[in-house]
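> If you want the building blocks of each chain, they are given just below.
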Amino acid sequence: MIDFSRVQKELQECTRDTEASGIKVSPKSDNLARLIGTIPGPIGTPYEGGTFQIDISLPGMKNEDVGMVINLCGVIGGFLFADGYPFEPPKMQFATKVWHPNISSQSGAICLDILKDQWSPALTLKTALLSVQALLSAPQPDDPQDAVVAQQYIRDYQTFIGTARYWTETFAKTSSLGVEEKVQKLVEMGFAEARVRSALEAVGGDENLALEKLCSV
Amino acid sequence: MLLKFKVSGTKHPALECLESPCHQSSSSANVDVHRKSDAELGKNSISDLQASIKTPQQIFVFQHLHLFLDDFTPLSLLIKDLISWSCGSNFDSHKIAMSKRVLCKFFAHGACLKGEHCEFSHEWKAPPNNICTYYQKGVCAYGSRCRYEHVKASRGYSSASSSSTNARPSLVSDPVSPGHSTRTALGGVIRVPDNPVEISASFRPFIPPATPAWNQEFGLHDPLDDGDIVEPSYVRPADRSICSFAAAGNCPRGEKCPHIHGDLCPTCGKCCLNPFRPEEREEHLKTCEKKQKQLEALKHSQEIECSVCLERVLSKPTAAERKFGLLSECDHPFCVSCIRNWRSSSPTSGMDVNSALRSCPICRKLSYFVVPSVIWYATKEEKQEIVDSYKTKLKSIDCKHFDFGNGNCPFGTSCFYKHTVKPGSYAWRHLRPPPRRPPPHRINFGVIDDLFDVFEPLEEFEDFSAEDLLNAELTSFEMALLLMDMGLDPCDSSSDEEDLYSQ
Chain V
1 MIDFSRVQKE
11 LQECTRDTEA
21 SGIKVSPKSD
31 NLARLIGTIP
41 GPIGTPYEGG
51 TFQIDISLPG
61 MKNEDVGMVI
71 NLCGVIGGFL
81 FADGYPFEPP
91 KMQFATKVWH
101 PNISSQSGAI
111 CLDILKDQWS
121 PALTLKTALL
131 SVQALLSAPQ
141 PDDPQDAVVA
151 QQYIRDYQTF
161 IGTARYWTET
171 FAKTSSLGVE
181 EKVQKLVEMG
191 FAEARVRSAL
201 EAVGGDENLA
211 LEKLCSV
Chain R
1001 MLLKFKVSGT
1011 KHPALECLES
1021 PCHQSSSSAN
1031 VDVHRKSDAE
1041 LGKNSISDLQ
1051 ASIKTPQQIF
1061 VFQHLHLFLD
1071 DFTPLSLLIK
1081 DLISWSCGSN
1091 FDSHKIAMSK
1101 RVLCKFFAHG
1111 ACLKGEHCEF
1121 SHEWKAPPNN
1131 ICTYYQKGVC
1141 AYGSRCRYEH
1151 VKASRGYSSA
1161 SSSSTNARPS
1171 LVSDPVSPGH
1181 STRTALGGVI
1191 RVPDNPVEIS
1201 ASFRPFIPPA
1211 TPAWNQEFGL
1221 HDPLDDGDIV
1231 EPSYVRPADR
1241 SICSFAAAGN
1251 CPRGEKCPHI
1261 HGDLCPTCGK
1271 CCLNPFRPEE
1281 REEHLKTCEK
1291 KQKQLEALKH
1301 SQEIECSVCL
1311 ERVLSKPTAA
1321 ERKFGLLSEC
1331 DHPFCVSCIR
1341 NWRSSSPTSG
1351 MDVNSALRSC
1361 PICRKLSYFV
1371 VPSVIWYATK
1381 EEKQEIVDSY
1391 KTKLKSIDCK
1401 HFDFGNGNCP
1411 FGTSCFYKHT
1421 VKPGSYAWRH
1431 LRPPPRRPPP
1441 HRINFGVIDD
1451 LFDVFEPLEE
1461 FEDFSAEDLL
1471 NAELTSFEMA
1481 LLLMDMGLDP
1491 CDSSSDEEDL
1501 YSQ
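Line by line, the protein sequences are chains V and R.
The first sequence begins at 1 in the working numbering and counts up by one.
The second sequence begins at 1001 in the working numbering and counts up by one.
If you are wondering where the hints come from, they were derived from the structure by calculation, not from laboratory data.
Do not rely on the hints blindly, as some may be mistaken.
Okay, derived cross-link-like pairs now, DSS-like style, lysine-lysine, Cα gap no bigger than 27 Å in a straight line [unchecked claim]:
{"hint": "1", "chain 1": "R", "residue 1": "K1391", "chain 2": "V", "residue 2": "K9"}
{"hint": "2", "chain 1": "V", "residue 1": "K126", "chain 2": "R", "residue 2": "K1316"}
{"hint": "3", "chain 1": "R", "residue 1": "K1316", "chain 2": "R", "residue 2": "K1380"}
{"hint": "4", "chain 1": "R", "residue 1": "K1316", "chain 2": "V", "residue 2": "K9"}
{"hint": "5", "chain 1": "R", "residue 1": "K1395", "chain 2": "R", "residue 2": "K1383"}
{"hint": "6", "chain 1": "R", "residue 1": "K1365", "chain 2": "V", "residue 2": "K91"}
{"hint": "7", "chain 1": "R", "residue 1": "K1293", "chain 2": "R", "residue 2": "K1391"}
{"hint": "8", "chain 1": "V", "residue 1": "K91", "chain 2": "V", "residue 2": "K126"}
{"hint": "9", "chain 1": "R", "residue 1": "K1391", "chain 2": "V", "residue 2": "K126"}
In isolation and in its complexed conformation, chain V is listed as follows (with noise of 0.2 Å):
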């Protein structure tokens, strides 16, 4: 079971200091289960000036029929307690695209430590985002996540900056603007404002995607 006052409290807290840490968590829905955080991008790397968003994935009482069997036959003691949250870690995916050796280009998949093995429940959902925000600014290549971008990351080690400069000037930081800006920017370059819109909306306020769709029309 998660605990959801747990969550509602790290929710508070993270609110408070969001000025000083950047850092975002609020709720998808009304679920407390399902979160969005979001993280900028840290100084001197080539992430710097985006920000990224994050799904946040809170796990409940998983196998929880197995679970009390197992306990039942006395093969596992103490199994009757309640899993997940924050005994299991929250499962954290990058939404934004980027170009990380340790983060998967194409799903957003994280390999970090801290949300697989390593967990604590001491940890929170706060302290998980910071070291998110940590793996950017310190990949970790031998421990690839897309090897793809490990294998750039460790040859050609200037593309790699390149490249991911450029992922997140296209991905991190149109989000960053409004949805009016967006809009005018848009407008701009020549796209009547009434197709603007819709085609913002049909691809959930992403400007590329938007002006994909309005190129291939």
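Start from chain V and add chain R according to the hints.
Using the frame of chain V, we list chain R on its own:
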């Protein structure tokens, strides 16, 4: 009792009869005796009786006879006459001690018939006590006929006490005197005439009123004192208790309080230190300090948050949750449910039991056991105390794994619980624990509750190598069989779980 003294040298039937009422506390019995004796005693002349009363014991008997005479039967009247004769009327018998030292009252009035043979002193030293004490108390049956002076109480008290001071030394100085013992014995006897049914109105005045006269003799303090303090001058200060009002914080009597006000305890701020009992003082100071420390620790503990649930441990809704879980190797606070939850959670995502689950969530230091405690410690010594007391407690509980020598405890000799080998058990017979794997027939799936019970202590004490237990109990194949037995498809269990058992 009073008349158990052998009244020696007398064969008079009156005395023989009169002995009996004193053995019986019932008034009706007394009356019977009187009636029976009336017939034979009526004829006896007073002079006969007078002649037969010679020894001090006999006199004493007669002095107290009036207590049992409550009617106008000839015998009663006769005896009353006798009594008046023997002790100088007025039944002021209590003040008579059987000693030459006491002035003969008859002599004082110039009318002692015994002359030189009188047991009482005929030496005129002290001024005679010629005041009627009955009159002073308000009732003298003789009225104007009384031979004693009828003076009011104001003057009387001083003279009454002087009379008692006259009498007292004689009692003390004469060890053979039966006076003392009889007086105490009288306490029981005197109640007889108190029965209102038996007492006739006219004789009532002869019964000593509420305060018996001998109380005055022994009364060393003002009789009006209600006994709030019992003879303070005769009690050692260490035996006196301190004022409980003051000890509780406030005595309404303040300075005027007759009890000792204790010294102020610096810890609890109450006047509860007895100045005359040093051991008690020490003890109070010690316990008070300890209590204060505990209180402070508790106050301090209130603030402490669990790092897992981010709540104040002692503000949790249920009492079971309001406990800290102390890790043996580090000092990070958790509530006991959270830390146990974490330590016992399933290592699904490939977590290593020892490096992740058994370690502190904050500092990742490996701890082997969790100690529940309602209080958070401030010092290493306090922590050690908590841990030690917990271990002592567990040591008094029989280990469910060990099962008095029939089971195999995975913790072996380092188990915190008690391992008692019962005669006749496996360990008793073979001097070694039974093999780890329980025989198949012993797993009875019908009695799941029993199995659950067996493993209950694991919830209390979850810190063991899980591998040990897994190896010990069931292989994954057996587990699959087990699940099938319970009507569950083993395929349902995730691969994670399967991995777990094959690890």
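> Compare the structure with the hints numbered earlier in the document and write down the numbers of the violated ones, lowest to highest.
1 and 9
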